[in-house]
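Chains as they are written, first to last, in this note's numbering: chain U, 10 to 392; chain D, 10 to 392; chain Y, 10 to 392; chain P, 10 to 392.
I should point out that these hints are in silico values taken from the structure, not numbers from a laboratory.
The hints are all genuine.
Derived, one-sided and incomplete: chain D residues facing chain U with beta-carbon distance under 10 angstroms:
#, residue
1, 264
2, 283
3, 301
4, 323
5, 378
Distance condition first, Cα-Cα at most 35 angstroms in a straight line; then the derived DSBU-like pairs of lysine-lysine:
#, chain 1, residue 1, chain 2, residue 2
6, U, 319, D, 319
7, Y, 319, Y, 385
8, Y, 53, Y, 319
9, U, 385, P, 385
10, P, 319, P, 53
11, Y, 319, P, 319
12, D, 385, D, 319
13, U, 319, U, 385
14, Y, 385, D, 385
Here a beta-carbon is modelled for each residue, glycine too, at the ideal position from N, C-alpha and C.
There are 4 protein chains.
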Amino acid sequence: MTGDLAARVRAFVDAECIPRECAAHVHGPAAIDATLAELRPLAKAAGLYLPQLPQAQGGLGLNWEQRAAVFEEAGRSYLGPAALNCAAPDQPNMISLLRQGTPAQREAWLGPLAEGRIRSCFAMTEPAPGAGSDPSMLRSRARRTSDGWVIDGHKWFITGAVGARFAIVLAQTDDGPTQFIVAMDNPGVQLVRAIPALDPFAIGGHGELRFNECHVTHDAVLGEVGQGFVYAQQRLEPARLAHCMRLLGRARRALAFARDYVNQRSSFRDRLADLQQVQAMVADCHIDLHASRVMTLDCARRMDAGLPVKTESAMTKVFVSEALHRVADRAAQLCGALGMSEDAPVALILRELRPFRIYDGASELHRATLGRRFLKTPEGDPA
Amino acid sequence: MTGDLAARVRAFVDAECIPRECAAHVHGPAAIDATLAELRPLAKAAGLYLPQLPQAQGGLGLNWEQRAAVFEEAGRSYLGPAALNCAAPDQPNMISLLRQGTPAQREAWLGPLAEGRIRSCFAMTEPAPGAGSDPSMLRSRARRTSDGWVIDGHKWFITGAVGARFAIVLAQTDDGPTQFIVAMDNPGVQLVRAIPALDPFAIGGHGELRFNECHVTHDAVLGEVGQGFVYAQQRLEPARLAHCMRLLGRARRALAFARDYVNQRSSFRDRLADLQQVQAMVADCHIDLHASRVMTLDCARRMDAGLPVKTESAMTKVFVSEALHRVADRAAQLCGALGMSEDAPVALILRELRPFRIYDGASELHRATLGRRFLKTPEGDPA
Amino acid sequence: MTGDLAARVRAFVDAECIPRECAAHVHGPAAIDATLAELRPLAKAAGLYLPQLPQAQGGLGLNWEQRAAVFEEAGRSYLGPAALNCAAPDQPNMISLLRQGTPAQREAWLGPLAEGRIRSCFAMTEPAPGAGSDPSMLRSRARRTSDGWVIDGHKWFITGAVGARFAIVLAQTDDGPTQFIVAMDNPGVQLVRAIPALDPFAIGGHGELRFNECHVTHDAVLGEVGQGFVYAQQRLEPARLAHCMRLLGRARRALAFARDYVNQRSSFRDRLADLQQVQAMVADCHIDLHASRVMTLDCARRMDAGLPVKTESAMTKVFVSEALHRVADRAAQLCGALGMSEDAPVALILRELRPFRIYDGASELHRATLGRRFLKTPEGDPA
Amino acid sequence: MTGDLAARVRAFVDAECIPRECAAHVHGPAAIDATLAELRPLAKAAGLYLPQLPQAQGGLGLNWEQRAAVFEEAGRSYLGPAALNCAAPDQPNMISLLRQGTPAQREAWLGPLAEGRIRSCFAMTEPAPGAGSDPSMLRSRARRTSDGWVIDGHKWFITGAVGARFAIVLAQTDDGPTQFIVAMDNPGVQLVRAIPALDPFAIGGHGELRFNECHVTHDAVLGEVGQGFVYAQQRLEPARLAHCMRLLGRARRALAFARDYVNQRSSFRDRLADLQQVQAMVADCHIDLHASRVMTLDCARRMDAGLPVKTESAMTKVFVSEALHRVADRAAQLCGALGMSEDAPVALILRELRPFRIYDGASELHRATLGRRFLKTPEGDPA
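Work out the full structure: start from the sequences and follow the hints.
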């Protein structure tokens with residue numbers, strides 16, 4: 010059944026998403042919203058919308074193993090996951106609201122988000138010397154007042170911020186890090202700019218935000234005061250894996266484009282596809298994709314079984330982010346000059362995949378953490 | 010239940026196999042037979058013997074997924090798989106005899122082999138200009154006579170040949186490539202030498218054999234005349250995967266040794282384990298092992314489900330052989346000069362793992378074949 | 010003396026070029042021309058202008074070894090080489106005009122080019138199925154008429170085409186490939202567009218050009234009819250090396266930025282510069298830069314000595330293009346999210362260096378050619 | 010002139026050294042001494058002996074740049090450098106005796122060493138927890154007595170110890186680390202064993218030594234008391250480079266063997282040399298060799314010019330040791346099963362090159378040291 014659903018997602022992406030990809034999105038990500046307004050009704054009509062939410066919330070109720078195939082297919086186009094409303098950061102934000110939200114918060118924010126009427130963002134990362142990989146360096150502060158809280162802080166690389174209706178903001182309080190739901194039209198919120206970045210068509214861009222004496226009421230607190238880090242950690246592991254799933258589709262698309270190119274193009278009397286270096290590059294791409302897929306699936310099954318994936322998700326994130334980047338890099342190389350231009354999707358996919366080696370924890374950070382953990386593990390543990 | 014069995018294999022390897030590893034094996038592989046004569050009765054008594062054969066043949070009747078864990082644990086010592094009688098080439102030879110053998114052939118050869126009273130080998134590979142990776146270059150010939158066949162040919166890198174009681178020999182006939190069961194004491198069989206090689210303690214070494222006017226009777230033919238290649242292909246895919254399983258254990262052992270070393274050794278005032286380069290190398294080893302394990306398991310499950318694994322087993326073999334070599338190389342590096350000596354197991358494991366990138370098809374050959382296959386595949390196939 | 014000159018170039022780049030780099034250049038390369046109009050008089054006044062041309066032509070008359078240091082320093086900013094008028098494609102075009110140009114052609118084109126009053130381009134590459142890496146696939150045609158030639162063809166990735174005053178165009182004739190000097194305002198020349206590409210601030214962009222019944226007179230032929238390929242080959246080897254020199258500076262700049270970043274930024278209580286993974290990445294960058302520099306210098310000295318560099322320049326181009334890309338990739342990784350943004354130069358340098366693995370001959374093409382050549386070489390040749 | 014000398018060394022190695030290589034050397038390195046007794050008179054007669062020593066000491070008086078070519082040619086066979094008496098550890102020991110030795114010490118030890126009548130070793134490295142990479146962990150002690158010194162300690166991986174006539178021993182004293190010349194027949198010296206190691210045919214093996222109440226007279230001190238580390242550092246930089254030179258020749262030999270193999274061997278109807286993967290591997294080998302050679306030469310010229318090479322020699326050692334290992338690994342892979350056997354030189358060369366990534370300072374150690382140094386360097390320093 011998932012196989013069938015994945016095939017339908019695939020057909021939808023081919024028919025509706027890829028033809029709508031355009032340079033206007035690339036050079037100004039805000040333009041994507043208009044395209045999404047077309048796509049989401051189509052996805053709903055096709056029965057493909059909101060795969061990750063329970064059926065009670067209007068979703069398809071897929072478990073993680075089922076999502077893996079669907080997210081991968083959706084991810085072949087940068088428009089696909091958003092068309093199905095399973096793109097970051099809305100997708101993990103919905104999960105956070107489901108888990109930690111009050112009924113009122115769910116009604117106010119989860120409903121419109123699930124329906125696809127609004128977008129949201131997650132405001133955690135700060136520029137130096139604030140919290141990057143290390144959340145203990147959090148500098149944004151929320152102080153309690155008689156009628157709520159006042160938030161001050163500086164955030165950046167807040168994906169999806171441009172055009173978002175609300176943000177989940179992580180800020181330090183006297184009782185520990187806390188998450189707040191903040192409407193983006195709150196006068197204390199300033200969208201400084203969309204940061205020009207390597208991946209230029211992320212929906213809602215990467216925002217730089219300032220919170221200046223930003224007043225919110227008590228009911229802005231998401232979950233419990235002081236539990237903000239715990240919640241952030243909880244969302245991180247599945248969020249990483251969902252990224253792996255979606256970007257697996259993107260890398261596969263780059264390879265498919267390159268395959269068609271080398272099957273047609275000749276040089277020095279040989280069709281490129283007949284050259285062994287080309288064949289070996291294609292083989293390495295498939296090996297990277299296959300390894301990425303089985304590692305991701307293994308994590309998905311563990312999550313479905315309620316098993317911990319702290320170590321496995323970190324190993325998978327490091328491997329997959331680097332493997333997919335290699336795939337995109339080879340695909341671009343296979344296409345020659347065309348692969349360096351925006352005439353083909355491969356250069357853009359290469360730009361989109363490069364930051365994944367940094368976002369959600371740089372590879373180096375994961376390696377150090379994993380290495381220390383393994384060095385303490387008795388060899389009996391085979392992992 | 011497999012988990013429990015794997016744990017018992019692990020304990021058996023720690024208690025009985027690793028302590029029996031010795032330099033005499035390394036510098037003259039024939040000495041291993043005496044050690045095996047001690048180990049096999051112990052494995053039988055422990056209920057760990059012959060995991061891969063059906064219970065009707067005295068085995069434990071494990072499916073491929075179950076074997077994966079058991080073979081990995083056994084493979085931590087070069088003595089482990091042979092102690093359990095699941096080492097190559099006897100293990101795939103038993104499967105060949107089970108599938109293609111007549112009742113008389115099974116009684117004569119499979120029985121003693123399964124009981125662990127004799128060893129065997131598989132004589133396919135030939136030195137240049139004969140059949141290496143390309144079986145169509147087969148130069149060994151068998152011609153039909155009134156009462157049987159006469160085989161002439163030159164074979165090398167015939168693992169296990171020294172001390173083997175019989176060989177399954179692949180030779181060209183007028184009706185196509187054919188497999189023959191040939192007793193090693195047939196006067197037409199000459200064991201020229203054990204080839205000195207990088208992996209010096211393979212049980213029975215790597216033999217060079219000459220077949221000089223070697224007469225065999227009609228009942229020496231294994232299966233049908235002319236089907237020798239088909240059978241060879243059939244055995245190759247599972248044989249590769251069984252290698253991946255066993256050698257995964259070996260690489261894990263090298264890493265465990267290195268981990269203990271860096272946890273104890275200091276340099277320039279730092280414990281080696283506290284250095285980030287060391288941590289990153291350890292993390293990369295675990296990522297390589299984890300990816301290798303999940304790819305191998307994925308193939309095992311496909312085989313258990315009766316699905317084809319032609320492509321998956323080739324991708325897995327390329328990845329695993331290279332990944333395990335990286336693990337052993339890093340483990341040796343982590344141990345410094347000790348890692349270059351035979352005082353530690355890591356240098357020997359490094360030598361044992363290097364040839365796996367060539368045996369069972371060199372990586373380059375698999376890459377070219379895989380690449381060509383993928384280049385013809387419509388993108389709908391996600392593999 | 011070159012050391013002193015290089016130091017002055019370095020100071021000039023720091024004082025005049027880097028401060029003038031701006032986002033407007035990145036998002037629309039045409040804007041660079043205005044900046045150049047400021048910079049070139051300053052470079053002339055500083056005695057740094059036109060390092061590669063003989064003093065008779067108003068240049069500094071440096072040999073290749075001397076240029077290596079100067080080009081590297083200039084190349085730290087994308088504005089540097091053009092400020093000194095030693096950027097591609099003007100730099101090799103000047104050399105072509107010097108070698109193959111008639112006195113009239115030199116006066117008309119070389120003079121203004123050397124003075125920096127105009128820019129030019131070199132129109133060789135064609136989109137599929139035309140001439141990419143393989144010049145024998147040239148499809149642009151020039152047919153002889155009573156009073157000159159008529160050129161028809163389609164070119165792309167013509168670096169510098171936007172705003173160029175003339176192009177040197179390679180087209181097939183009945184007497185073989187021939188180079189023509191074509192004014193860009195010839196009504197038969199159509200600048201279709203600037204191709205959006207990974208390296209978005211190349212001066213004059215990467216143009217797509219169509220030649221539609223483009224009439225030129227006989228004196229448009231550069232050199233001899235039929236010798237167009239020979240000339241193209243002659244310019245290619247030094248052109249590649251000049252690229253290596255300039256881009257070496259660019260990669261060094263990325264590393265310098267990353268070094269300053271990790272020296273200041275902390276994470277998890279450690280200054281990034283104190284982490285061994287960071288130190289190892291920095292060391293690898295320096296090793297890559299050092300190896301690139303000595304290989305480039307070795308070629309430069311051979312050229313100055315009149316020795317052939319066909320093989321050495323190909324080896325150097327492959328190594329340097331890949332090594333510099335690694336440097337930029339590591340530098341970006343070291344800077345975390347900042348390294349993915351245009352707030353820092355590293356992401357842009359990464360984008361600029363990636364295509365060098367394709368431009369001037371893809372690595373795979375060079376490897377195949379080099380491999381075949383070496384396979385025919387008796388071992389006595391140590392190279 | 011060096012070119013001519015190198016050609017003569019090359020011819021000598023082909024005619025005299027390579028034919029004398031034999032399995033007996035591999036499986037028991039002591040046998041090499043008999044072979045050397047034949048070779049050294051031939052090298053003297055050919056005017057190739059002792060290239061590195063001044064003519065006053067009977068050498069050829071080559072500078073470092075000249076030695077580079079000669080050492081590389083000699084290094085094509087493991088017998089070559091010893092035949093010319095420019096192998097480690099005798100070669101750096103001679104330099105130490107020349108620099109720090111008293112006239113009496115020179116007469117006693119340098120003379121016979123230079124004449125090739127005896128061999129020597131350098132006893133610095135200790136097993137854990139003693140001095141490995143970090144000399145400050147030195148545990149061997151020398152205490153002053155009325156008539157000299159008494160040395161106690163444990164050393165290992167002392168290359169050349171088996172059959173050596175004397176050792177230069179580094180031991181801690183109350184006045185700092187000090188070097189002593191100790192005759193190997195001193196009753197306080199115990200050669201515990203030759204350590205079985207990956208590189209099994211090093212001349213004189215890798216010895217494990219114990220110094221038990223080893224009495225030496227005052228004139229055993231080499232140089233000044235307390236300066237032992239300083240001297241060790243002084244010898245290390247040129248020693249590393251000499252290793253690079255010699256092993257460059259060894260890697261080149263492996264590649265030459267592989268080239269001949271792929272030029273002759275066919276598989277699946279193609280000559281291996283006609284396959285692009287093979288061509289690319291050959292090209293990468295040559296690029297690695299070329300880069301290694303120019304980096305080594307650059308250091309040699311700096312040493313000849315009296316410039317410091319602390320940083321350059323470390324970068325060169327890391328790069329060259331890793332590059333040459335890649336060359337040998339590819340060469341072995343190109344030869345298939347033959348490359349895994351001792352029938353061809355490549356497997357042995359692979360085993361010989363692997364330890365170079367550890368000996369003379371592991372790559373990781375050099376990277377950390379280099380990284381820290383570069384991180385402190387203002388960007389003005391281009392290295």
